[in-house]
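Q: Read off the chains here:
There are 2 protein chains.
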Amino acid sequence: MGSKSGKTSQAGRTDPSVLAAGIRAGERAALARGITLVESSRTDHQDAAQDLLAKVLDLSGGAVRIGLSGAPGVGKSTFIEAFGLFLISQGLKVAVLAVDPSSARTGGSILGDKTRMEFLARHPAAFIRPSPSGGTLGGVARRTREAMLLTEAAGYDVVLIETVGVGQSETAVADMVDMFLLLLSPGGGDELQGIKRGIMELADLVVVNKADGDLKPAARRAAAEYGAALHLMRPKSQNWSPKVALASALKGEGLEDIWTLIQDFRAKMQASGELDGQRAEQAKTWMWTELREGLLSQLQTHAEASQLVGELEKEVAKGGVTPTTAANRLLALLFPERAS
Amino acid sequence: MGSKSGKTSQAGRTDPSVLAAGIRAGERAALARGITLVESSRTDHQDAAQDLLAKVLDLSGGAVRIGLSGAPGVGKSTFIEAFGLFLISQGLKVAVLAVDPSSARTGGSILGDKTRMEFLARHPAAFIRPSPSGGTLGGVARRTREAMLLTEAAGYDVVLIETVGVGQSETAVADMVDMFLLLLSPGGGDELQGIKRGIMELADLVVVNKADGDLKPAARRAAAEYGAALHLMRPKSQNWSPKVALASALKGEGLEDIWTLIQDFRAKMQASGELDGQRAEQAKTWMWTELREGLLSQLQTHAEASQLVGELEKEVAKGGVTPTTAANRLLALLFPERAS
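Top to bottom, those sequences are chains A and B.
Numbering-wise, the first sequence is residues 0 to 339 according to numbering that gives the first Met the number 0.
Numbering-wise, the second sequence is residues 0 to 339 according to numbering that gives the first Met the number 0.
One thing to keep in mind: the hints can contain errors.
A pair counts as met if it fits within one copy or between any two copies, since identical chains are not told apart.
[Unchecked claim] 30 angstroms max Cα-Cα, derived DSSO-like pairs, lysine-lysine: (1) Lys250 <-> Lys283; (2) Lys235 <-> Lys317; (3) Lys54 <-> Lys92.
It is worth saying that the hints were derived from the structure and are not from the lab.
Generate the whole structure from the sequences, applying the supplied hints.
A: If you want it as structure tokens, here you go:
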């Protein structure tokens, strides 16, 4: 999308070269526009977005990428704000993104994250962006990953990616970050029962929030229970066993210890080469995910195939046709020259 | 593949109508030939196999489908043989299949399962088949599922599908059975550490084997530990919480209780409609897996694309090109008329 006379402001919003220059210079406005471009579903915007990413890709990869999950009520926003402000006090620039496929299609979540994290949102060293609007989890995840690459190119040192616990969003976020934090309240065993299957296994660090005042003893007991549960699971990495930390976001306690643990994790993962290896695998997995999404959209846009998919799914579910036969019929439609 | 004069025995081995008739009549030879047809990678055999499945699909679905995983040394073969003979003593016909992508390409595993489970293998009411030979896990899993459908059409009441703990084979087996059994030894906490991530979560029933003689106290303690670990996880179903049972395959103890638990599970899952729902979801997931496998093979057979896949994967892993751009280039090759 080149600049056109009389439309420089429009071109300024979508011209990859202009945006790339702004992002490389660390300009917030350019970063915000770049992310808007990435989120757009218009084909011309998508092309421009890929152009933009290609232009700044060499500058990406430099942030500490942290995923954060926690049930409603556990104090996630309070934690993100407190932790974000702590990181800023250490001289770092902090970006906060989110993956939430249930976000209403209004161009952003209704209660913008900015109202939840007022102080952080206003800080010049922080950049907060709500989740891209709905659609498939794959689509939202891709947009968030690409937004993350842009924030890194703009010079942010830490990227926090929040999930709101909808469906498989935790796995999607774990697949794009270096370290996954799980925020829990001091509920102990009962709390664990309520956690979605597989979430515990994603955690590199469990943070027990609200560990203050009357809840402190309960928080310690919960921390011990969570530690025992983590111990029963086989660690993801030879270089790190998942840990439990206590915190009070409200009182700003425990944040320094958490950051120390994160840096310790990073150092071990860097030294062993595992961090680079993990990022390489994540990128390759992302490519295959995009390939699958591309196949799905072909099925949806191919007139005959999209009709057939629904019918075949029903037949397959009823046991009226084998899944292999159903798949073969669809593949034959998409690839007519294919030997069936 | 119709019958040809002078080649009736060949046609008898591959003619879907002939095989279907034999399988519907419960003939072992027809079943074995049908499974061989399903396992063949020849295109004409694949077509005939899908034909055969279509002809007997209405008779499938009638067995209790049980997956079984256990580390080497836990006594899996001894357990399968003992449990299989127990089921036969209850008047049931038992089929034993396996998913093992590491099976050497010799038309069957080198040490055929038959030597491991001698008595069961010789029994007329049992049908044992080694894992299909190597290739992708997806390919092996598909062949085993189709073999399972054929064994059901041939009248077998229980189908045990064994996994040998290689890679993701447990998940593949859990996706094709009603109930997943995990066989453990009396090792307790240490044993749990050694279990591959995610396996515990698949289990509907954990069986602590070798619960006899000196090991009985250890087995009880281990059962308590495994029970505690299971309790910390959120159950897969509202209708069933995973349980732990003690057994000694060698002494034939605990087998009746295990069968009672399996029937209890089945009754609850049937009554709630969850069994049918689970099978419908499994069939649909299988269809999408086949679609993905079809895409992969298109990428591999398309001359330009297969070359490009490897190169792009390396570039993506290094961070030299975004995964989205890489995927788009491959999709554009496969679907030239697609708007990129």
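Q: Now look at each hint and say whether the structure bears it out.
A: Here's how the hints hold up against the structure:
Taking the shortest alpha-carbon separations for Lys250 and Lys283, neither the intra-copy value of 41 angstroms nor the inter-copy value of 50 angstroms comes in at or below 30 angstroms. With identical chains, the CA atoms of Lys235 and Lys317 are at most 30 angstroms apart between copies only, with a shortest distance of 22 angstroms across copies and 38 angstroms within one. Only within a single protomer do Lys54 and Lys92 lie at most 30 angstroms apart by alpha-carbon distance; the minimum there is 22 angstroms, versus 65 angstroms between protomers.
Hint 1 from the list above is the single one not met by this structure.
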